[in-house]
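Q: Residue strings, one per chain:
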Amino acid sequence: MKRIYFSILTTVTLALAVDAQEVKFRKISKEALEETSYSRDAEAHGAYLYRNIKIHYDYSSIQGFRQIKEVHERIKIYDKDGLGHATQKIVYFNSSKGQDKISGLKGYTYNLVDGKIEDSKLKSDGIFDEEINKYWSQRKFTFPDVKAGSIIEFKYSIASPYTTYIDELPMQFFIPVKEQHIKMVVPEYYGFKPIVKGYLPLRPSISSGRGSIEWVNKQRAEGFGGGTTKFKNQKVEFQTTVTKYDMTDVPALKPEPYVNNMRNYLSSVKYEIQYTKYPNSPIKSYTKDWEKVAKEIYSSESFGGQLKKTAYYEDDLNALLSNVSKPDERMAKVFSFVKSKVKWNGNNGYSSRQGVRKAYKEGVGNVGDINLMMVSMLSHANLKAYPVLVSTRDHGIPLFPTIEGFNYVIAAVKMGGQIFLLDATSPNSVPNVLPNRALNWMGRLITKDGNSTPVNLMPQKRSLDAAMFSIAIDKDGSIEGKCRQQLSDHNALVFRDKYAKKTEEEFIEDIEKDNDIEISDFQLKSAGSIYKPVLESFSFSAEDQFDVIDGSLYIAPMFHMAYDENPFKLDHREYPVDFGYPQTDKRIINIEIPEGYDVQSMPESVSFSMPEKLGSFKYNIMKNGNMISLSSVLDINTSIVSPDRYSILKEFFRQIVEKQSEKVVLKKI
Amino acid sequence: MAKRILLPLLVFFFSFSPTSSAQNSIRSYHTLSPELTKGANAVVRLDQTEIELISYDKARYKVHRVVTVLKKEGDHVIGAVLHYDPSVKIKNVEVLVYDRNGLQVKRIKEKEFKDRSAVSNGSLYDDNRLKYLDYTPTAYPYTIELLYERITNNTAFGFAWRPIEGYRVSTEKSIFSLKNIANIPLATKESNFDGFDVKINKLDDSMTYSLSNIPSYKKESLSPPLYQIHPRLWIKPNQFNLVGVEGKAGSWKELGQWIYDELLAGRDQLPESTIRTIDRLLEGVDDPIEKAKKIYEYVQENTRYISVQLGIGGWQPIDAAEVDKMKYGDCKGLANYTMALLRSQSIEANYAVVWAGRQKRDMTRNFSAMQGNHVILNIPQKEGEDIWLECTSQTMPFGFLGDFTDDRDVLLVTSNGGEIVHTTVYKDQDNQKETHSEINIDEHGNVDAQVQITTCGIQYDQRSSLERLSRKDHDRHYKDHWGYVNGLVLGEVASHNDKNAISYTEKIELRAPSYAEKVGDEFILAINAFDRSNSVPARYRNRKMPFQVQRGTVDTTSSTIKIPEGYRLKKLPKPLTIDTKYGKYRSELRLMDTNRLTYNRKLVVNSGRFPKEEYSDYRDFKRNVAKADNQKIILTKAIDQE
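Listed in order, the protein sequences are those of chains A and B. The letter at position 250 of the first sequence is residue 250 when you use my numbering, and the numbering goes up by one with no holes. The letter at position 19 of the second sequence is residue 19 when you use my numbering, and the numbering goes up by one with no holes.
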């Protein structure tokens, strides 16, 4: 006798503990509507009064597990600049392969009218679905009847078949949050690990709970004279991990200058999948330690698989290297060959997007295509070459062994006890001078057998910007002079990238504009040979460069070369100052004293430095015959200055600006 | 061995194949003349647009475009971004890529184009989409050939040809032709053709325009926008279709009538309850202007700007009743709503279509085609005193337009048809800024100051937004504004926004450490501490474009300076005056008593458009002003006077 089992019904009851203090939808207090500003931040244009996010799983035998996110948010709008918050959006996955489903979107605007609470419902004419591209859509909704003082409130839930992926959970915004609760109930079948971003202290409470899946099995026994049907309740119990973030009075993030992307500093938590362990299935591990990460990446076709391929370039490369024997020359040849052969399409990624062979043929590729191809070629050239996983600056810092922590890859070559880092996506980059985007703390060098070591990506060597000026002054206030400038390492890279984008004429005009000078005889040496420093020279003239008062000349002897404004003006700073790389700024200036004049007074020579060798400044000035000789050297020894050193940095630069603006007085003899 | 023979054969084949080489000549970088590549990011080798006007509601474009891109900045010039919406279809797209020698390296089909929504910034939703080619060139220069067809049912905007496409783009050949198959009456406007060798060929049912070999232009500061200088052809049918609505545009009167009848009429109905609310709001108010003001402020308090543009909704306002319910709308919806509220109180108001933007732009007076990008409201008054309302702003004073829509021709839409009228002009002498400061210098050279800045006219527009900044943003603003003051410490900041008088007053307390610089026994300092005109426009060796100063200003400064005990002014400088056609300047320092000085300064900048030859004179004017504003004085130790 044959039995057919099939289930007809799926009900899911993942028991969720109901939070007693939970704020009820549509229960708005008059006091909240009467509020005119946020008590702890009078400048806030709006505030989240309440956020409640719940993530849990349900199960159906047709769809299997789905991840459900329930969202309930309440936002107070204090003034007209906060009206923007009355438009919200939900970005969701929507491709032919799988879809997130939004359901139960409800929203209300509340206003106080003549002392009474009035609400207006969000209706379908305020809701719009927009297909962003093939994969992503967004649902935008805008609330009716919103003005300064209104409260808006909405809730929805979103169900996703992608159970191993949890959206980043934002904890902080550009407006304050009065109260928020984020709760995740994850069945034991999933292991996640949190990756925390931002400066907010986050203290989740973690406990365990129980959940169960119940469904009904219909069992039909075939027999003589028809079958009999039996219904049987099935139940599976499981453990859950309950993670809760209960927070009150989360401050708004306030933008600051000299930060690339403020969003990087918003506090959030990203849960990354570690493993899945479904009933009656073997455990599937995603990542655990660096060894696993390395092995896993190597075993994937789009990474390790691409490193193995050699046939497509072998002939070309052999021809290229046939007469080159020195390892460093071989490295340089391969490096420039890859750069000339494949251009970067602007896309990041540590793995190969389209496959190295295609990238090679078409001459275009993403970071993975280009740099994995280079690692393979370098190995083929008998060099010890390895991929190094990198997280770019706008992607944050990877603290844990995770794959999602990385979004970029470069090549490393070990040679003569040294390590050389190479990135062929940047045409002007040379070994150990990586483009700015890749300069982000540590990378991870990985080998086939699962070994991995951290690699310092931050440049240790100071990039030089040294300029010599000889200047003749005219007592009408104008100056003429010559300048020779040398730029090395990252300064040279930045210069070359900028120069490549412009015509020489535009480039000169930019220097003229930035410095308020007029340039002639511009010459650029070794701009093309990227292994050498940039050498530029030009003659210049400028008017109205100093003051003539009562026949005496009051000259700030660094002219346009001085820092005339402190780049750090604000009193406090909460985020690091990012110089990109250590650097030396050197200015040597020789000024000819015009006939009939002599020095009446000169600034004093000084040198001072910041503690912990963060930076130093030396200023030397002396009279030498009919010349004034000045040298000003600024060393910044670190790439990043932490916010607790900000006041030191600000004062350091204030003193530099003050020193560089001090005057030499020349009087008539 | 066989391989060796092939090579010369190939060369032979190519060199004796005139059709192939002639055809490819514009696809090769080498055939470009140096005058077209100089300073250019890209060269339009060929832009051939053939339009068939099939009927009043259907036009077919055939575009054939060949562009040689010289550098990355020129990538966008290939033009492979094709906008469409429900009434526009794109067909038969094909792209061919050539290397610098004109050899084809790639062929790209339409399905490789990416497709995405083109909801514009600031818009909640619209139905625009675009297909675009995401192409990374492997080397520069390269050439792209793009072919496509575009079929549109919207003919309301007419057909335009701009053979000079933008800065740093030169044009080898641009051909535009239009075939009027249905013999629809057309109007044609040729602008700025003088000085350009535009070839024109007109037949009964078709016309062809072409222009060749125009080197690229670079952007020069203060130059008027390209469309005001460069050749532009605009053709419009006098009968048109706009998203399924038929219209007539024989004159502005006719087009205005159409807009009124088809897009506006009947959309001003309001619920009784709202009218009663307004009635109550206006109780006891008799003056119609005062009533209008109260209504405008009611709209500002109760609505917000949200843009949704779908189909005809791109041109037709949503019902006033709908705005009343939702409390939001776009410029059309909010203007129409305000108009409805005003009319409910028997105040006449009219809808006005405008080209908005800081760059002033007129609706073309004698060419009645659908145009404009914004809607404002007009309340007619006696000649020249009309009140204009910007209905999308929650903060603008009643009757103030600011630099977004000031001083330009707009289309007024009334029940009697359309009419071109001019918006408020903010005259140079009304755009004032007054800076008054009390400056106290101590014996270390530190300055403590109280500064009061009052702005009105167009300068009000530029500063009144400061009102809504936080303390931290104020700190940043003033430190940038007076960036030349090293180590500035901001004290109390207060402000008063007088929306009736339309003036904005800031009161700032601050400290400037070592503002007076110690040199030996003396102090040296710039006497104009808080109102310097430092910006000198860029110098051009060979200026090509005329220049314009769109809005004139009058800045006056007065300050009282207390110098430290024991010091005196070394020498009283002579007053400085500058007098040019571009503006005037005068500053004077006076000694009130031994340790008190007063400084007065006035800078007048005139608006106007000037030929390129005068640019260096204008620059000299600005330079001399900057120099005068940097005038220094010396304080020296007083000789004992006992």
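Rather than coming from a laboratory, the hints here were simulated on the basis of the structure. Note that beta-carbon positions come from the ideal geometry of N, C-alpha and C, so glycine has one too. Just so you know, not all the hints are guaranteed correct.
[What the hints assert, rightly or not] Listed next, the in silico DSS-like pairs over lysine-lysine satisfying Cα-Cα at most 27 Å (straight line):
#: 1; chain 1: A; residue 1: Lys134; chain 2: B; residue 2: Lys91
#: 2; chain 1: B; residue 1: Lys571; chain 2: A; residue 2: Lys475
#: 3; chain 1: B; residue 1: Lys479; chain 2: A; residue 2: Lys134
#: 4; chain 1: B; residue 1: Lys71; chain 2: A; residue 2: Lys358
#: 5; chain 1: B; residue 1: Lys106; chain 2: A; residue 2: Lys134
#: 6; chain 1: B; residue 1: Lys106; chain 2: B; residue 2: Lys58
#: 7; chain 1: A; residue 1: Lys361; chain 2: B; residue 2: Lys581
#: 8; chain 1: B; residue 1: Lys109; chain 2: A; residue 2: Lys361
#: 9; chain 1: B; residue 1: Lys570; chain 2: A; residue 2: Lys667
#: 10; chain 1: B; residue 1: Lys571; chain 2: A; residue 2: Lys147
#: 11; chain 1: A; residue 1: Lys140; chain 2: B; residue 2: Lys325
#: 12; chain 1: A; residue 1: Lys475; chain 2: B; residue 2: Lys612
#: 13; chain 1: A; residue 1: Lys134; chain 2: B; residue 2: Lys89
#: 14; chain 1: A; residue 1: Lys341; chain 2: B; residue 2: Lys571
#: 15; chain 1: B; residue 1: Lys173; chain 2: A; residue 2: Lys623
#: 16; chain 1: B; residue 1: Lys581; chain 2: A; residue 2: Lys502
#: 17; chain 1: A; residue 1: Lys502; chain 2: B; residue 2: Lys89
#: 18; chain 1: A; residue 1: Lys384; chain 2: A; residue 2: Lys292
#: 19; chain 1: A; residue 1: Lys80; chain 2: B; residue 2: Lys472
#: 20; chain 1: A; residue 1: Lys532; chain 2: B; residue 2: Lys89
#: 21; chain 1: A; residue 1: Lys668; chain 2: B; residue 2: Lys581
#: 22; chain 1: A; residue 1: Lys513; chain 2: B; residue 2: Lys325
#: 23; chain 1: A; residue 1: Lys254; chain 2: B; residue 2: Lys622
[As the list claims (entries may be wrong)] Not everything, but these chain A residues come out facing chain B in the computed CB check (under 8 Å):
#: 24; residue: Ile28
#: 25; residue: Lys80
#: 26; residue: Arg139
#: 27; residue: Thr503
#: 28; residue: Asp514
#: 29; residue: Glu518
#: 30; residue: Ile519
#: 31; residue: Ser520
#: 32; residue: Ser541
#: 33; residue: Ala542
#: 34; residue: Tyr554
#: 35; residue: Glu595
#: 36; residue: Asp598
#: 37; residue: Ser661
#: 38; residue: Ile669
Q: Please list, smallest to largest, the hint numbers that this structure does not respect.
A: Structure breaks hints 3, 6, 7, 10, 12, 14, 15, 16, 17, 20, 21, 22, 23, 24, 26, 28, 30, 31, 32, 33, 35, 36, 38.
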